[in-house]
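Participant: If you read the sequences in order, they're chains U and Y.
Numbering follows the working numbering, with no gaps: position 1 of the first sequence is 26.
Numbering follows the working numbering, with no gaps: position 408 of the second sequence is 751.
Treat the hints with care, as some may be off.
What the hints assert, rightly or not - Here are the simulated lysine-lysine pairs, DSS-like style, with alpha carbons at most 27 Å apart:
(1) Y/478 / U/134
(2) Y/621 / Y/549
(3) Y/672 / U/53
What the hints assert, rightly or not - Covered by chain U, per the in silico footprint, the following chain Y stretches (three or more residues, Cβ under 8 Å):
(4) 580 to 589
(5) 750 to 764
Calculated from the structure, these hints are not laboratory results.
Every residue gets a Cβ at the ideal spot worked out from N, C-alpha and C, and that includes glycine.
Residues per chain are reported as follows:
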Amino acid sequence: MTTAVIVFPGSNRDRDMCLALERATGQKPLRIWHQDTALPKADLLVLPGGFSYGDYLRCGAMAAHSPIMREVKAAAARGVPVLAVCNGFQIATEAGLLPGALITNSGLKFICRNVSLRVETSNSRFTRGYNAGQVVSYPVAHNDGNYVVNADTLKRLEDQDRVAFRYSDDAGVVTPETNLNGSTANIAGVLNEARNVLGMMPHPENATDPQLGRPDGGPLFAAMLEAMA
Amino acid sequence: MTKQYPNDLMGLSHEEYDMAVGIMGRTPNHLELGIFSVMWSEHCSYKSSKKWLKTLPTKAPWVICGPGENAGVIDIGDGQAAIFKMESHNHPSFIEPYQGAATGVGGILRDVFTMGARPVANMNALRFGSPDHPKTRHLVAGVVRGIGGYGNCVGVPTVGGEVNFHPSYNGNILVNAMTVGVARTDKIFYSAAAGIGNSVVYVGSKTGRDGIHGATMASAEFTDDSEEKRPTVQVGDPFTEKLLIEACLELMETDVIVAIQDMGAAGLTSSSFEMASKGGMGIELELDRVPMRETGMTPYELMLSESQERMLMILKPGEEHVAEAIFRKWELDFAIIGRLTDTGRMVLKWNGEVAGDLPIDPLALAAPEYDRPWVPTPPPAPLGDVPAPKDYAAALKTLMSCPDVASRRWIWEQYDHLVMNDTMQRPGGDAAVVRVADMKKALAITTDCTPRYCYADPVQGGRQAVAETWRNLNSVGARPLAITDNMNFGNPQRPEIMGQFVGCIQGMAEACRALDYPVVSGNVSLYNETNGKGILPTPAIGGVGLLDDLDHMATVALKRAGDVLILIGAVENHHGGHLGQSLYLREVLGREEGPPPPVVLAAERRDGDFVREQIRAGRVDTCHDLSDGGLAIAVAEMALGGNLGATIQVPADTPAHAWLFGEDQGRYLLAVPEQAEAAILIDARKADVPAIVIGTVGGNDLTATGYYTISLPELRHAHEDWLPAYMAAPR
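Bound conformation, chain Y alone:
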């Protein structure tokens, strides 16, 4: 006899369905099957990635809470903690860019204030398709508007981010949003339920029919009809979120919360399961008490809705009225919808009748974990000869105006990056710097990844993504503390994609260990594929560091004519820079080839520590790390930042184009007063740090002697005009 399966397995495989029947001891009903489906979706269960995520280092003396809670928590001194996480909203943002991006911001904000932190900064990491693709302009406009629309209204500054364009994202854009909050270390809230008989309380907005099965949708590839999935996209209400932030933080000042969890992906289902499972409790919910946006809703819809701006709390018995008064004051819904039990089961009632009854731990903990087959990415063929440009000035302008380097001003001027009055470094620098309110210290925040490196060599690319955030934090003078990762990949059921994932994780783990820079939170987004074509592997990293003393901070802008430019860090061989996978190769010569630049972690650590200490000692106030486009682009960005020219000398025994545009890793450019030069060079020699003087600051032009001279206004036009012109072109 052949087995009978329901027609709609809601995304579960036959094997998973069999497991579900085994756990239930009977055939699950429609509601129960829906719960299995979302709980075991890739999005909620991390079933393909868990094995590898476990290999990332997550501990350090300053880590208060690593992965597994709503967000990561690190100690920043003075009884304060920084709480942060990055999360993807890729699939919904492609289907409906405004709401997809907006609710991505809303969701990550909730992950952070759920734990007791006031959100102080938003960041993002965005990837779009080729600028020539007919949908790209529309998606950029919608995503930027959505991020701004939500963040601006809730009054949390959006202080920075990164944007790439590449054809591999034509059918799958990436929208990764990050929030950083600040809490008191003695007021951090966790999600483990406790206390038999305690009330399960629902607060926030009412539940509607939006986002049903969103987590399942986000766990599948796209096909040509993906736009028909629009009803699975949630709709955001930043005003309610603002009220929810204020109400929750006000309640957290009292002493009545036992546990709290936001309702994110898979809504009431995953929040209630996670809280109960972490606390080893059972839970009984009376679903008819859930505040509903419309009549006629079913238990299935209530459990699977991903309506936004909702939280679940366990309150101390007899104290419910304290919370209710606060939520009523903020005009938010408040409902006691159930209680904790000692049965270890989730019992879902509907008007007194049992509508579903599932064991909690077997379902939550027995989520499948796959060791997906994978193949290592073959090493890229060595790069042949790379010709020099005929016209160096034209090459520099091409790079400064190419989509991956051009100024992002058009984007960040649509984000309120100043509200809260603590933005010490606005977007456009190496890292955003946000003062900790009323303190002399600040948090530095950056998001980075170079997907073309990850594609060519996942291990080096994984290292580079982590190292680049570390460098950006050093560059402002901050001590890098920890990262959050947002792993965006294609279909993990293809061994070569799984191989990219495994390689990137390996490289990230190596870098985290070498730099004492653990992972404290993260998110995985797989199935970023359309019709079998995957994105470039994109492990976006969000790094957070601490500036102890705001008086010793560096920025990229050149500040004084007469300053000396000192290059820290070595090129791979002293005859020239590394051009494999460089932007010069891609943008000037139209080739995406070769191995990416290697990241040498011991040198990375030594040189980065040196730069940071020079800034912290008050010797250096102008610093930029070298990344996309190499040295020439870094000098140009520093010159435009300060509206002050510079002249650099290309060493005589070097191919100039490789020296100017090579993307060798682990390097920084400092601009220091002439009288400080000698001491810095001596210190560098003592620390075995490569340091050479390459030029001076001054004038109104940018010059590489013998190769190019470009006026700053001309350079500024090249850099500033591309994005506004692109966005203004007819759709």
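With the rest of the complex left out, here is chain U:
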């Protein structure tokens, strides 16, 4: 089973993601440079966190137009699973792999801390290791994680059971007070319609090492690999 992490200039959680994937699969992921124009055959593609191209324009906007993204989009259309985390989520929305946009946090500040997330659906290759309603804790580290969609899109996301995670409290209660960054309906992660692309702001890859705290991200990686096997 082969996993591949796309590396843009300015990616900085590519190493963290590779470590988590290696922990789960026992194999080093491939690292694909942004200027490559072909993808190797892979069972999972990952767009990692960071500040691609410095994010001096809109976050992810430059990376969405890099040569490799044409291939990533084609692969996603063929059904190859894509996990897009943090800057990767921003890139995925800019590239049209996922609906909506990520704008500056409502508090106008970078936020780094652990957050509680309610798993909204276990119906995906990414989240089937959790029960819907379960609360997990992952770190966040972002300045622009405020997920915005219009009312029609929100309705579609909810009707199609495509909201994967929401910002909640420890007990799984979702309120405006638990909305970390102003995201529409507290959304922290969403699936595409074919359910093979997951975009999320929190970092499951930073929640897989028991030495660093509760390894709540482990089931997400385990589920992805099980789906591939």
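Given the structure of chain U, go ahead and fit chain Y onto it with the hints provided.
Facilitator: Quick look at chain Y alone, frame taken from chain U:
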């Protein structure tokens, strides 16, 4: 006939100008004079401080490279080294807080990866003016944003630091940034140029007109018009820095670099002079080949620009293409701008013509060194009676919410402290703990200084700053290895300021010797004065230690109800604690008086070694050193950390306020399971270490029997709310 001096000596004194003419054997031209000016600036030459810095101990068996290179290097076993340094960006951060702080982080990162290390942690030590001063809020916001903006983007975690507020910093804030990196001991890169004919290579960003004469600006006092100095502040580009880190580390995996140096203060001038001088070489630069950001730049601007994210390298002959391919891949500039010669001179060419020609060693080595007059700081008057508070609970809450103790969460949540996936202890503890990738060991890192102690008694304050970092490393179970120092002081031309400097150095040197804890790198920032008013003397110390086994690590958080609280270390006299210069005195009674608590180095060593060994033996997993605010604050922080209450008993024959709030040094508080208590106390007695049981862990309140009971939520509000509320108030 009176001598004629140029109208603008660019910060040089008349004597220094005369020396320059003597070295040149003629009148230096404008470009050459500019080079003298920056090379001999306080910032680059350490001319006021050198005499005293030499007295600091710098050696130990584990020191691979002490002061003098880009950063200090220590051996951490397994063929690995930790490389670290702290550096100030004070003057620029006051003028333009975001860019000043951001480029401070960028500069110190470069000092570390220049030597072959991957940066693994950033720290900082910040000092701001009084919270009531109209500029403070703006400066805090800008500096924090700048540090985060740069560190978050380059993907190096900012894992901790310290912050103080005091009116003496109203006109001169301090922004000291520290980076720690990890390298292989057989892959450490130095800056001494070698090999006649070898290429001098420029990589990184293009050179612009920013930061010209920044080093000169940083070597002068501020006046009311200092904000007009904004053009001397550099502008940072963390994205380019990230690419530069990756490109340099990739190149360092090959075997083509002879020497490498980052372009920091005084840019191309100091980097080329230092490389050539260390290697005993000459250098010829063709300045028209330097990558330029704009047209019409002059040799003077190119030599003095402090544009960021640039490096200078000497490459092995014929291997330039290897480096060029890597830098092109990372979309960075790469240019061969000169070659090494055997002339011992720096020849600067501009379109084929010689624009400047200076001797290297006479200029670099003959930098003036001053023995500035100094007077010792008079001992503070003894402290009279210190009244007890009417309401102990209110006093505790006042201290927990005062600007120097209140939670810094508002700050560190803006720093990505988790990237790289090795942060074992997040900000808020005694020391940050960062795992060495793929290893069972970790580095512990802390920054500390108590400026009010240094002001009252520089020798004790200097000792205390070093000892406090040593204690913080012990408290997590790490073996303290070495420090970096960042000496922030006022105008050294005033004998009383120079006396503070000399006193602090003396105290630091004593502590370093007693604790086997050498200085391996550092930085001096003088002239932190505005309109003749200096800052509190602030020798900020960054300490680095090694945790051999991550399974044996302590944190401050209380963990188990029923644990016993054991206080290690003695109070000055057993009837009460030391309240001189304490936060209790300042925050509760509004007095800044008395001598600071003395640091008794023999006891410090004995008790600290004991605590560390208890942690390393796996007996203790909960430990906090006692510092600002004394015992009561330490217990409160441990309780909030674990969300678990505690009850302590004040000894009967003691003034309770002195016992609770005294700041006697060299003390630690442990929380241990009841069944481990007896063995620890016996061990302590054997080692002659003072140890007494003062209370137990449990419940949801914090109690000092007979004096106060406060619920944890109430205490948490007091501790957590001050900074966010302060920052949210209208500007």
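Participant: Does each hint hold? Answer for all of them.
Facilitator: Here is what the structure says about each hint:
no. : hint          : in the structure
1   : Y/478 / U/134 : 20 Å, holds
2   : Y/621 / Y/549 : 26 Å, holds
3   : Y/672 / U/53  : 23 Å, holds
4   : 580 to 589    : holds (count 6)
5   : 750 to 764    : holds (count 10)
Of the numbered hints stated above, none is contradicted by the structure.
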